[in-house]
Each structure stands twice: as structure tokens, then as C-alpha cells.
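*Asks:* So the protein lines, in turn, are chains A and B. Letter by letter, the first sequence follows residues 4 to 99 in our numbering. Letter by letter, the second sequence follows residues 253 to 786 in our numbering.
Don't take every hint at face value.
A few chain B residues facing chain A, derived, Cβ under 8 Å [as the list claims (entries may be wrong)]: (1) Asp334; (2) Asp336; (3) Leu337; (4) Glu362; (5) Ala365; (6) Ala369; (7) Asp371; (8) Val373; (9) Leu374; (10) Arg377; (11) Asp711.
What follows is a list of derived Cβ distance ranges for each label pair [unchecked claim]: (12) A:Pro20 with B:Pro535: 13 to 21 Å; (13) A:Pro20 with B:Ala417: 58 to 66 Å; (14) B:His717 with A:Thr70: 48 to 56 Å.
According to the in silico footprint, chain B covers these stretches of chain A (three or more CB under 8 Å from chain B) [claimed, not checked]: (15) 17-28; (16) 65-75.
I should point out that these hints are in silico values taken from the structure, not numbers from a laboratory. In this text, a Cβ means the ideal position worked out from N, Cα and C, and glycines have one as well.
The lines below spell out each chain.
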Amino acid sequence: MTGALDWVEGAAVIRDPTGLHARPAVKLTKLAKRFAATVEVRAEGGETWVNAKSPNAVMKLRAGHETPLSVRAAGADAADALAALLALVDANFDDG
Amino acid sequence: MTAEPPERVIRGAGVVGGVAVGPAWRPAVVARSAREAGDPAAEDAALRAALAAAGGQLAALMAAADADGAEILEFQAMLLEDDDLLAPAFASIAQGGAADAAWSGALDAEIAAYSDAGDAVLAARATDLRDLRDRVLACLSGEAAAAAPPPEGAVALAGDLTPSAFLALDWSRLGGAALTGGAAAGHVAILARARGVPLVVGLTAAPQAPDGALVALDADAGALIENPSAETRAALAARTAAGAAERAQDAAAARRPARTAGGAAVRVLVNVDDPALLDALSPQICDGVGLTRTEFLFHGAAAPGEDAQLAVYARILAWAQGRPVTIRTLDAGGDKPIPGVTIDGESNPFLGLRGLRLSLRRPEVFRTQLRALARAAALGPLKIMLPMVTIPQELEQARAHLDAVCAGLAAHGVAHARPALGIMIETPAAALTAADFDADFYSIGSNDLIQYAMAAARDNPAVAHLADPRNPAVLALIGRTVEAGRARGVEVSLCGDMASSPALIGALLDLGLETLSCAPAQVGAVKREIGRVR
Numbered sequence: 004m005t006g007a008l009d010w011v012e013g014a015a016v017i018r019d020p021t022g023l024h025a026r027p028a029v030k031l032t033k034l035a036k037r038f039a040a041t042v043e044v045r046a047e048g049g050e051t052w053v054n055a056k057s058p059n060a061v062m063k064l065r066a067g068h069e070t071p072l073s074v075r076a077a078g079a080d081a082a083d084a085l086a087a088l089l090a091l092v093d094a095n096f097d098d099g
Numbered sequence: 253m254t255a256e257p258p259e260r261v262i263r264g265a266g267v268v269g270g271v272a273v274g275p276a277w278r279p280a281v282v283a284r285s286a287r288e289a290g291d292p293a294a295e296d297a298a299l300r301a302a303l304a305a306a307g308g309q310l311a312a313l314m315a316a317a318d319a320d321g322a323e324i325l326e327f328q329a330m331l332l333e334d335d336d337l338l339a340p341a342f343a344s345i346a347q348g349g350a351a352d353a354a355w356s357g358a359l360d361a362e363i364a365a366y367s368d369a370g371d372a373v374l375a376a377r378a379t380d381l382r383d384l385r386d387r388v389l390a391c392l393s394g395e396a397a398a399a400a401p402p403p404e405g406a407v408a409l410a411g412d413l414t415p416s417a418f419l420a421l422d423w424s425r426l427g428g429a430a431l432t433g434g435a436a437a438g439h440v441a442i443l444a445r446a447r448g449v450p451l452v453v454g455l456t457a458a459p460q461a462p463d464g465a466l467v468a469l470d471a472d473a474g475a476l477i478e479n480p481s482a483e484t485r486a487a488l489a490a491r492t493a494a495g496a497a498e499r500a501q502d503a504a505a506a507r508r509p510a511r512t513a514g515g516a517a518v519r520v521l522v523n524v525d526d527p528a529l530l531d532a533l534s535p536q537i538c539d540g541v542g543l544t545r546t547e548f549l550f551h552g553a554a555a556p557g558e559d560a561q562l563a564v565y566a567r568i569l570a571w572a573q574g575r576p577v578t579i580r581t582l583d584a585g586g587d588k589p590i591p592g593v594t595i596d597g598e599s600n601p602f603l604g605l606r607g608l609r610l611s612l613r614r615p616e617v618f619r620t621q622l623r624a625l626a627r628a629a630a631l632g633p634l635k636i637m638l639p640m641v642t643i644p645q646e647l648e649q650a651r652a653h654l655d656a657v658c659a660g661l662a663a664h665g666v667a668h669a670r671p672a673l674g675i676m677i678e679t680p681a682a683a684l685t686a687a688d689f690d691a692d693f694y695s696i697g698s699n700d701l702i703q704y705a706m707a708a709a710r711d712n713p714a715v716a717h718l719a720d721p722r723n724p725a726v727l728a729l730i731g732r733t734v735e736a737g738r739a740r741g742v743e744v745s746l747c748g749d750m751a752s753s754p755a756l757i758g759a760l761l762d763l764g765l766e767t768l769s770c771a772p773a774q775v776g777a778v779k780r781e782i783g784r785v786r
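If we strip away everything but chain B, and leave its shape as in the complex, we get:
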């Protein structure tokens, strides 16, 4: 009789609570030097096949993209046929190197050259080279492996996940995820919260459990447990049952309108990051959509065309059944780089060209989105929200673009309506001077507002203790925005993570907020907490 291997507990930070017990499963991610080098002829053939497959993918993406997007992709496609660029990779293979290491080595050298040249135009193209490098590596590691679905109830283990990699996984089959990288306020955390996926980030050691071995995820305690003992499994099963009872109460509360104990009505909206999320969600649980993150549209590398965007916005409006739908224009930059759109090599991207600043610099992408939004507004109550606004002139410049877009649509007899135009309050400057903006509504983006007020980066765990949503400075900025909205008679909502945290709901209502927009999975818990206030 063999002794059971001892339990091994790996600590991390629990970001989205919950528990899961299931087989370990590692999503097919790009892993450097994962290949064993075969004989040079085989490696040569593998790289050529991967280059051809990547070329085919790019051609398909180009066919679906608009003119700007297609041009960005064409540069990548042409690089696949650049014999000078490929020569070092094939030379490395001829000397016995593995196809993936040879390809990465050749591209990494070029990426460094692009980034280090001190030339903004060239540095911006480094993103394209990275995108191309990863696309070919993914082709090399095998399309079939990447497409294999996870076992039911599996716990996903990874170093880190990009937002697009997260969205590519089937979370209806997965029990949770544990990452050695990642940050509590990163975008993967937002995506996981929206779906109620238990998530632990920042594991202090790499998991050793082989794929298929049973592991336990205790996201409430921030731990991954390998070789869980019978006692541990029983304890977690009991908590799963208790959690199910809580969730049943949440689900019941979600279907009722939100009222405080004192009887005051509170509007609860949902945040949407990918419309696929809506398939499993009833619009009855909310008063509308308070934030639609449109970055998901750009994950395919190609900037989406006007008609493709219109179809997505129309789908969200149809789901909402007459409830207002707020759509945020592209919020790229900061920690959300998009190949071909954002600027590489900024010394401090969070203080650089991001959000509306980037849109005003790249008006062709912005106008395409505004055209699609104005056309969608003819179908239902759609509101446009501008991210990362600092001074009133930026709102006025955006309004001028919207005016021009609406005039163009009218001149061509295209059905459209002029949407309400509001701003996010994410910078202390915008919060302190909110009354000076001629905005149709304000929506407080608490994650960035905290980061900028406290000078504590969202993605740096070492300063996470400073990023305190209850800090009086943060609460004062929120209160000031609420006052400005009252004085101007326009709606003020809050759509950051604070609105998804039941523990903070009382403080937000005390500040005078009457509209909150939260993660869909948190609607019930938020409404229950509202019912306990006052």
C-alpha cells in the first residue's frame, strides 16, 4: 500500500472568491523552447508550415477588417515573406535549433532593434512584430492542441493570461484559475469577476501537479492545494454547498429592484466586456448596461469595421430590451496595448496616450466607432461614454467628431440618432472640475481614479495597500463629482470595481450615489447589500 503524497498549499492572492476541486489543466499557451529539436529537415518543415498557417490566418483577418486594419495586417503578412528576416531563423535550424526557439530568437532581435531605435514610428511597429511572433509560435505549438476543450470542472493553471487568452477559454467548463503572475486589479481580474470565476493570482510557487491530477482551489483563502487530502476535499465540498445556498439567495435578490432599508430606489446596471456574456444573463436583473468595454472588439488584431461594430452594438441593445445601454469608446493604452493602435515604448503608459487621448490622436479609428454608435442609436437608447478625460476641451473635440459623423450620416441618408455624450471621471482633475464639463452624464471609473489619486499603480502589488478605495481623498473626489451632477441635473453613476464590492456599497450610497454599475455576477450580492443600508 502506497502512502498518499502530502498536501502542498501554494499561497497567492484571492481576487474572485469561491472554491473549486477538479483536474489541473494548463491552457495551451505560447511556451518558449517547448519543442524538442527534431532533425533540421523536420524543424525547417515545421517552421515553414507554421509561417504558411499564420499567413492564412492574417489573410482571413484582413478580409474581415476595414482599410486601416487591413493595412496594419498587411505589414505583418509581408514580413512572413521577407527572406532576409527569415534567414537567421532558418540558419539557426540548420545548426540544430528547434523551430520555435529559432523563430523567437530572430524576431526578438528585430523587436529589440525596433524598440531601441529611439524612433516613435518604428517603436510602434514593434507591437506588430510581437503579435506576429506569437501568432507563428501558436501555429507551431499546434492548432489542435489549442482548440482542445478543458475537462469539465478543471482548474486552469497558467503563468499569466492576457485578456484575449482569457476570453478564448470556455469558462462554463472551468471551475477556476490560479496564476503565478497577474495582479488583483489587472484586466483578467475584471473579466473573472464579471463571470464569477474563482481566481487566485500571484502564486508564490509554480504548481507542480501534472495535467489531470486533482487539485483544489480555495480562492476565498487565496490558495491552490495540490494533492488535497480527503479532509480538505470534504471541507471544500461543504463550503461549495454553503456557497450554492448564498448564490441562490443572490439570484433571488438579483431579480428584484434594488431598494435601501429606508425605501430609496437605487439603479443597478451591469458592466459588459464581451457580448457573449449576455447569452447566459437575463436583462431582468438590471436597469441597463452602465459600461460596455469595447476593447474586446480589437482583440483580433484587426481594427473592426463599422458594420461589424454596429452588429455588436445592436445585439447589446436588443438584449437590453429598451433599457439604456452605455458604450465606452475604445479605452486602449495604459496596460491595455492593442497592436497597431497604441504607442509602444512610452516611459509611463498610464500617464501617456491612452483612452480618449489616443482616440483624438487616431481620429480614423475613433470616427469609425462613432459612426457605428450613431447608427446603433437609431435602434434604442444608446449612450456614448468617453474614457480618460482630463480637461473640457477634450470633450468638446470629441463632440466635434460626433457632430461631423452625424452630419456625414445625414448627408448620405443613413439611419442614425445622436446619442447622449458623457464622460468617465477617472482623473482627479476631472473629478475636481466635473461641473466645468458640458457632459450629458458622469460615470466614475473608480479603479483609475484610485490609482491616480493615490499614485499607486494598479498592476504593482507592492503598493496595493495604498490603493485604498476608502481613503478620504478617493471618497472626497467621488463626493465632489456627485455634487457636480446634482448641480447640473445630470446622472452620476459609478462603474469601477467599488460598485461590485458589497462591503463598499454603504459608503457609496452615503456619498449620494443613486446609480451603480457592477459585474453581472455580483448583481445579487450588491442588491442584497443595498437592502441592508439605512
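Isolated chain A (complex conformation):
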């Protein structure tokens, strides 16, 4: 089923020295949940995409400092979701 989705995809580098730990994971998932689109993330070198709306799954990615985090989205507002998530990673998870 997943293969049939029309994904938009991008990547941004994680700057937090501890990597994608609890605080950034919470911010990322909260933002992803604002969109209707299916949103997934993948750590550098990782095989599997995980649900960006699951803080548990994002935490377990163990995405590290100075590594790119890949983001993909599919659905009505996929482009907006992708842009918002990449911007959050770019801003070092500082959502103001």
C-alpha cells in the first residue's frame, strides 16, 4: 500500500549535540500531528521509515548529532508538512 503513495521527500541536518533526544522528538511529533498527511522520518543509514507522529518511534531512531534526518510526506498537505518539519530541524528545534 505504502508504495502507492505519492511521497515528497527532503532532509535536514540535526544540530543538537545530543541528537534527536526526548525534547526534539516531542517537538517534531507535535508538529507532524498538525498535518493530515502521512509523515515519516528516517535516520542516516537507516533502512526503515518510521511514523513521525509517534514520539516513541522517533526517539528510538537514535538519530545523531550532525547527521541528516530524512523526512517524507504523502497526502493532501504533504508539501506543507515537509517544509514545516525541515524548517524545525534547521532551526535546531527552536520553535520559538
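Since the structure of chain A is provided, determine the placement of chain B on it from the hints.
*Replies:* Positioned in the frame of chain A, the structure of chain B alone reads:
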């Protein structure tokens, strides 16, 4: 006429002496698979209700916490809305599983994954998952049941009690406690001693008496007696009366200043673990507070904010009515894990990041506490005590944090005073080199000092015979610390369990100690023993 069921004596280790005869009562604790699985729709609804209740509790805790504490809790709150995380639990319920078993199973799998990943950041979050698991289980077992008070004079029976579970019980209504788990030197033992709660740990068999059935606790002999005979009950009643006479003498001695038979004055301070304890205590019985354990502030899962801490410290100072109050900074780690603060998965937590080591690693929590302490010091004679110090550089790093905190308060015009800064002597290294520390006072933490000098874990009954407070190595380390204090002209006290044991008082005074800090319930007995020395 039916025969009375035979008496059944279950042996254990008496930790805090005394006797109690009363109804058996089991505090509502988290019990795995305690539920009978109802139909899947009912179990599904029960889990959803418990998740919602846990979310409500977390929201309330977050509102009361500071920014760091709130972030730790927000991760837990978000997990409650993580559909991927919840899916296995609901799938298990759909196949006929009970709500509690389904939830525990799903969370335990994640906890194992976090702990086994070999990643310190992830392993630290396993504590949050455990905390969340237990919070939801408590909600599932029913808030009302947990809140029901025990019958008057009941004997609490449990497998083990965590310090926070112990503090949640109303010990003014309970006669004593018997645990199948637990260790004589564990933290529950310290809490029970402070309150004079008769306690037996390490029962060799699980009690079978149903709740409400009469049981007898003989903590002096280290036994729980089910179906106590009329003879047993009469014997224990006689001892209760004799104990009451002893306690009356203790109470009279507690109100007098402590002097040896030779006329030397000894300062007797009290150890405080939870300020609620002070409501039932007169400050007249002591010369001040020698140790305030601040871990109780962190039992709510959220790191307490500066103002909340200030209120607690101010309350203790007000109680002391001008007597000095020593407050120990957070002593987490070792066998005192705190979700979101301590590191999970250390191979040997007692030799790892605990006490001041953890505070220097997590300076944001430490500085919040130092700010609250410096502000409280404007209200009365407050002293700061640092736990688990090994080398002088650690004291200097802590002093630099205190300097920065005081400078910040001054810059913002906040009322504060610079408290005296002393150290606990708990490691053999600190005892042997005490004179090298530029400390305003020393306080010997004998429990850890014995554990580290004798290489015998506090929580392991198999090596308890080695953890001997009278061992010459332990006494030599204490004597060395007393000499260092004399040479530098600063106070030396002892605040470990040794100071609460009348049998050890003579040895401590022989070593030159003039200040002891003991459990509030032991003040009278300690002062009477001091009066017999020399």
C-alpha cells in the same frame, strides 16, 4: 465448636523494633495481572479511561513543574497519545487480554528496547517509560482503592515498598509493616526508623492472612505471626505496655539537653526526610537539623521549581526557631533513581553518577536548588551539605556554582544570604583526605562510608555481616575525620544510622565526636545513652 487455626510464625529481619497487633492490610500497590479480563470492549474502555486519567495527572504535574521538569513530563504525556505505542496493547485486549497485562506487556517490550540499545540517552528515557507504565497501572487499579485509609492500628503487608509509596501511607494510623522484600539498610528502613514504625523485612514466606484478619508483628524478634494465639497476644500486649514505659522515659530525656555522665555537652540534631514529619515534633528536643534529605521533593516525578523548594526550606527554618538547619543537596543515583534525573543502566550505580557527581553533570537541577537554598538562607541559619564528595575539586566546582547563583540573585536584587557550605564524608578517600577540603563543616554519612570501606553493598543481605559499624577500619576513618575537623577548627557531625543506634553512641563519643544527628524517633534513647557514657 471449631478449633482455632494454628499460629503461623514467619521469620524475617527486624529493622525497627517494636510490636503491633492489628488487622492485616495490604496497601494498594501495582500488581501485575491483578485484573480478571472482562469482555474486550470493557477492557478497552478501562485502558482508555486509565490513559486519560494518567494524562490528567501529568498535565497537573507539568503545571506545577519548572521548565526542565515540564519537558521531562511532556515526553511521557506525548507517549500516552502515541497510537503506534498503544496499538500492541489494544491488539492484545482485542484477543481477550486484561487491560493491565496488555498495557504492561506493551510498555515492558519498549523498556527493554530502550535499555538494551547500548545508548545512554535512550537508556535514560527507560525510566520515563517505567514511570508512565506504573502511573497508568495505578489508574487502572482504581484511584479510590489507593486512597482508602487503612484500618486503625493495621499491620501493612507488602512485597516491597518504594520510598514514595512508603511516604504516601498514613503511618499515624498503622501499627507497623512486614515486607517480603526490602533490606535492613534500604531507604524504607531509614524512613521507618525516623517515624518509629516497627518494621520487619525479608520475610521468608509470603503472608497468607486475608486483609482484616488479626496478625501480630514482633519486630524485636523479627517475626510476623498469623492467627496469633491468646497467649501470644497477651505476651505482646505486656511488651507493648513495657515499651510504652520506655518511650515515656525516652520522651522525658528528649526534652533535656544531652550531657555525658562526666558532664560534657553533646549536640543532638535530627534527620528530616519529609517536612510533614515535623508537624508531630517539637523543636525543643534537638539542637537543630543535621540532615534534610531533599529527595522527597523529587518523588512527584517532576523536578520541583525554585519557589516550591524555597517554601519547603522556609517551613523547616520556621519549625527550627533559630536552630541551625542543614540541607543536603539532591542525593540521587545509587539505589535512589529519580525519573528524568538519574542515569539508567549503569553497571554499578553505587560507583557511578550519584550525589554531587550527578549534580555537577546536571547543573541546571543543581543551580535551581542552590538558588532556592541561598534565598532561604536570608530567613535563618541554613547550611548547605554536599553528598557523595570524593576529591576537593568537586567542592570547588560546587562553590563556583554557589558563587554564580549568589551573584545572579544579587544582580537581580533578590533577597538571599550565602550559606555555609560543607561536605558529607561518605567515601574513604574523603575521610582520609578530609583536611584537604576547604569545607565549612564535615558530616559523616556512616551508611555509605561503611559500604565503601567494607566493599559490602547496603542492599545485599548476603554481605550484611561485613557491613559492621564497629570494624576498626570504619572507626579509623571516622577518627581521622574528627582530627581533620579539629585541626581546621570546623564542626564534625555524624548523620548516618550509627548515630541513631544507642549501642554505638559510646564508641562515637570515644572517637571525639561532639555532634550527632539521628532519627527523630530515636532522640530520647540516644540522649539517655549519652547520659550513661563516662
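*Asks:* What hint numbers does the structure not satisfy?
*Replies:* 11, 12, 13, 16
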